[in-house]
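Here is what each chain is made of, one letter per residue.
Protein chains: 2
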Amino acid sequence: MSNKPIILYDIPSKAPGIAWSPNTWKTRYGLNYKGLAYKTEWVEYPDIADFCIKIGAKPTMTRRDGSPYYTLPVIQDPNTGAIISDSMRIAEYLDETYPDTPKLIPAGTHVFQKTFMAAYDHATEGLWPFIIPAVAKILRPTSEEFFVRTREATLGKKLTEVYPSGDDLQPAWKKVEDGFGKVDKWLNEPMNEGKPFVMGDVLSYADLMIAGEMQWCKMGFGEESDLWKDMLKWQDGRWGKLVDRLKEFEGPPEQDLVD
Amino acid sequence: MSNKPIILYDIPSKAPGIAWSPNTWKTRYGLNYKGLAYKTEWVEYPDIADFCIKIGAKPTMTRRDGSPYYTLPVIQDPNTGAIISDSMRIAEYLDETYPDTPKLIPAGTHVFQKTFMAAYDHATEGLWPFIIPAVAKILRPTSEEFFVRTREATLGKKLTEVYPSGDDLQPAWKKVEDGFGKVDKWLNEPMNEGKPFVMGDVLSYADLMIAGEMQWCKMGFGEESDLWKDMLKWQDGRWGKLVDRLKEFEGPPEQDLVD
Chain R
1 MSNKPIILYD IPSKAPGIAW SPNTWKTRYG LNYKGLAYKT EWVEYPDIAD FCIKIGAKPT
61 MTRRDGSPYY TLPVIQDPNT GAIISDSMRI AEYLDETYPD TPKLIPAGTH VFQKTFMAAY
121 DHATEGLWPF IIPAVAKILR PTSEEFFVRT REATLGKKLT EVYPSGDDLQ PAWKKVEDGF
181 GKVDKWLNEP MNEGKPFVMG DVLSYADLMI AGEMQWCKMG FGEESDLWKD MLKWQDGRWG
241 KLVDRLKEFE GPPEQDLVD
Chain C
1 MSNKPIILYD IPSKAPGIAW SPNTWKTRYG LNYKGLAYKT EWVEYPDIAD FCIKIGAKPT
61 MTRRDGSPYY TLPVIQDPNT GAIISDSMRI AEYLDETYPD TPKLIPAGTH VFQKTFMAAY
121 DHATEGLWPF IIPAVAKILR PTSEEFFVRT REATLGKKLT EVYPSGDDLQ PAWKKVEDGF
181 GKVDKWLNEP MNEGKPFVMG DVLSYADLMI AGEMQWCKMG FGEESDLWKD MLKWQDGRWG
241 KLVDRLKEFE GPPEQDLVD
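So the sequences go chain by chain: R and C.
Residue numbering for the first sequence follows my numbering, beginning at 1 and increasing consecutively.
Residue numbering for the second sequence follows my numbering, beginning at 1 and increasing consecutively.
Don't take every hint at face value.
Where chains are identical, the list cannot tell them apart; a pair therefore holds if satisfied intra-copy or between any two copies.
Stated by the list, open to error - The list that follows gives simulated cross-link-like pairs (lysine-lysine, BS3-like), each with its CA atoms no further than 30 Å apart:
(1) K247 / K174
(2) K185 / K175
(3) K103 / K195
(4) K241 / K54
(5) K229 / K103
(6) K185 / K233
(7) K58 / K241
(8) K182 / K39
(9) K14 / K182
(10) K185 / K14
(11) K137 / K157
(12) K241 / K4
(13) K103 / K185
(14) K137 / K195
(15) K39 / K158
Note that these hints are calculated values from the structure, not bench results.
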């Protein structure tokens, strides 16, 4: 077991110390589920690449032009000296390095965890035009400017044009609901029906992924928003129930305010 | 273990006794992998619905107009009296009913097997405009007429218009290769690299699904076709290697010619 706390690098928002990124949430949930000591350090969007290069964290992707793309989460483990990027790789690292803690990726399910995410992402892709513009608004100015500029360059349009409006709004939101209906149907596979998790009674990375997406929507849209309240009603309340079930693995409500 | 052979209902082609359907292949592979005795009976496309109703096999889907949709594979197990439709449900039935045989769906992976298929189908959807018209040509006249008519109704165009031609051909085929590249990348997840199967060293339903798709392409395009030969070269020969590895679970080259 670890003695010195692992450092989790996360992206701050206007709500100090409250995590919102779906990807860093996967790692945060995982660290808490494993009962490993950790502390959060916050890195604004425009600083992520330089920061990763400085500490020696690998890029997680390659851009079309061949340049490296750096993302968070990254963890730094002072017990081993390891610096790991990418939430899947972090989960694997934690499973291997701390073998006495519950597994995030049960043996033989590595490919399945990945393809579950791919299937989920495809089914719920209608969420993006809603959540990306919403997230921009909860970031602090320096990250917001960077986030909006880079996302607009990728999407080829203004985020204000991305967000569904007028007659498009209702059908676009219905499409999101239907997408989550597809995921719900998968989770209700006959042999899994009534079971709390993707793998039945055993929590795994895939559940943390879904719960992380829910944290993203809750923070991005706002807990009091109609959109989030809608999502809590969809599919018989499945998504809110999952977040509730994992509440014990959220960690403290405010994560170390190192800034 | 079974004493009386299970009956596997399959769809015939112009090559008598040679299976070609990706869905019935999943069941055929599964029965052979489990070492269960079975025999094949062949049902032409236009007869499937009436036949299923007659023997009491459930529909596998509901059409948009609410009517039931009957498909093969269906199995009939004279040892228990069970009649099961849908290759996933058949795999579950066989795992439960013959617990001493190797599992097709290891515990906890039911949802993952399903979402693997969803992710695979999405990644390789570019294959459809090639394979659907190709399959029409290998069916016997009564099935061919039914298949072409129903597929054209669903797609809203002639199958001859669906098949990529002229300047579209090369980019459309490249899209298929890239789609399989995506699946290959998933299978090469770091913790799975060099392992033969989706779950590493353990064969499961997901592998039978991929191999079934390969049988479909091999039979549909023809073993001597350029398309199939291309597929055998893609991704370092992964797909042909999988088929070779599962050769021992193909069953006899010609399946009981009950007609």
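Original post:
Against the structure shown, which of the earlier numbered hints fail to hold, in ascending order?
Top reply: 4, 5, 7, 8, 9, 10, 12, 14 and 15
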